[in-house]
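Residues per chain, in single letters:
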Amino acid sequence: MTTQSIRWFWYASPQTFFPLAGKIARVCTLLAIIFSISGLYVGLFVAPTDATQGEAYRIIFIHVPAAWMSMFLYVVMASWAAVGLAMNTRLSAMMARALAPTGALFTFIALWTGSLWGKPTWGTWWVWDARLTSELILLFLYFGFIALQASIDERRRADRAGAVLAIVGVVNVPIIYYSVQWWNTLHQGASVSFTRAPSMAKTMFLGMILMALAFWMYSIAVAMTRVRCMIAEEER
Amino acid sequence: MLWRDLLLAVRRRSDVATALLFFVIVASLFPLGIGAEPERLRSIAPGVIWVAALLSSMLSLARLFAADYADGTLEQMLLGAAPLGVIVAAKSLAHWLVSGLPLVLIAPLIALQYDVAAPLYGVLALSLLLGTPILSLIGAIGAALTLGLRGGGVLISLLVLPLYVPVLILGAGAVAMADAGLSPEGQLLLLGALLIVAAAFAPWATAAALRISSE
Amino acid sequence: MGGYAFYVWGSYGVTFALLAVEVVQLLKRKRETQT
Chain A
-5 MTTQSIRWFW YASPQTFFPL AGKIARVCTL LAIIFSISGL YVGLFVAPTD ATQGEAYRII
55 FIHVPAAWMS MFLYVVMASW AAVGLAMNTR LSAMMARALA PTGALFTFIA LWTGSLWGKP
115 TWGTWWVWDA RLTSELILLF LYFGFIALQA SIDERRRADR AGAVLAIVGV VNVPIIYYSV
175 QWWNTLHQGA SVSFTRAPSM AKTMFLGMIL MALAFWMYSI AVAMTRVRCM IAEEER
Chain B
363 MLWRDLLLAV RRRSDVATAL LFFVIVASLF PLGIGAEPER LRSIAPGVIW VAALLSSMLS
423 LARLFAADYA DGTLEQMLLG AAPLGVIVAA KSLAHWLVSG LPLVLIAPLI ALQYDVAAPL
483 YGVLALSLLL GTPILSLIGA IGAALTLGLR GGGVLISLLV LPLYVPVLIL GAGAVAMADA
543 GLSPEGQLLL LGALLIVAAA FAPWATAAAL RISSE
Chain C
3 MGGYAFYVWG SYGVTFALLA VEVVQLLKRK RETQT
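Residue numbers (the numbering used here), protein chains in the order written: chain A, -5 to 230; chain B, 363 to 577; chain C, 3 to 37.
So that you can see chain A by itself, here it is in the shape it has in the complex (with noise of 0.2 Å):
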């Protein structure tokens, strides 16, 4: 055995993991405020106005990185309930529970911005455009998560239970998508795609990104302290 490999598990020990937890979150803060003031001013005043949309597409600085961090955030937080589930670890448990309010939180952010978006831009509040509509599902699947949680007492079993939902419904996205935009295309939904605009300027995109990798510091650290939290009430 490497003395890699036993770092690795050293660190699977919510009370070592404490620490480093706190050092991650300090680092991902500044790397959070940094990205997001720079993809704010690149969003907000370097990237050009749109020429059908006018100002009201840049709503997409917000939406779409929101909506990127809300899967991202739902695929790692069924990751690390998998490894708890599979190698019975708390603490692998309690970083999914770390993850899902935040994830939770983004999916509400794209569905909200998305609405506002739509508004101006297709005349109304809400569509039942494949994308809006499995982000809403997503959304219940957050809930159903962090619910059923709740509402089990005993730790283990609720990790346990957590981690066999979150699993399904990680399996289940694909499907919901791709039943979706199924049924949209029959029914000749909305065919406006939100990313194809089809030459984007480098701006937007890099607006774009910088706004996600913002989002993305920004999760790392909420969820870290989060984590220390449990683990500061959980593990006396």
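Read the hints as simulated data drawn from the structure, not as lab findings. Keep in mind the model is a prediction, meaning the values are calculated, not measured. Note that the Cβ used here is the ideal one computed from N, Cα and C, for glycine as well. It is possible that part of the hints are untrue.
Pair by pair, the computed Cβ-Cβ distance ranges are [unchecked claim]:
#1 TRP4/A / THR35/C: 49 to 57 Å
#2 ALA428/B / GLY5/C: 53 to 61 Å
#3 SER576/B / PHE18/C: 41 to 49 Å
#4 ASP433/B / GLU228/A: 46 to 54 Å
Use these hints to put chains B and C onto chain A, whose structure you have.
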């Protein structure tokens, strides 16, 4: 195992009646609420019938394992020689026979209420025939995860609803396609595929959930 | 914002408000664990 559950279900005839009655009532509420315009009813019929089937299925899920949990049979199943996955599959089948199949059989009557064109009855029945077992199989996962919890029916619904959505979309979509004069083959084949996948994996997930819930 | 101020600021505003709420809640929770 299956035989035992079926016998129990048949004796509790009220369960079958409850599911059926709920289905019929929900389906009958919509014209009252939305207005009985034939054209509109015809267009919403597939969706309404499918949603009613979904709700009816969710309603009976809470009871799926509750009785066995209460009288200790569940513990015996967990300790027993028979593979838990097979037992679960049998229970899901029994659940479907009691709450899903009756819906398939009575759906044409509801469709009649909604003045759905006769040729669509077949597609409707077939979509429900393929879809309702999926609901039973997936619903069992939710029932197993929430065994003995306070949240009860509402919690199960929250957990299971996102998983039901593709089935709803495909099922109602199949009928809508047929209604538009196009072939519902795609949706029905996908439903069939989902059924096979669910039958293969859901009992296994449910078994894992049962073990987790009973420790 | 070319007339779309309501939508754009509505989006950015709610987003950062919610993120702020999450951070505040988390900091409060952190403070409670330190007592």
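Subject >> Structure-inconsistent hints, enumerated in ascending order >> reply: Hints 1 and 4 are the ones this structure does not satisfy, whereas the remaining hints hold.
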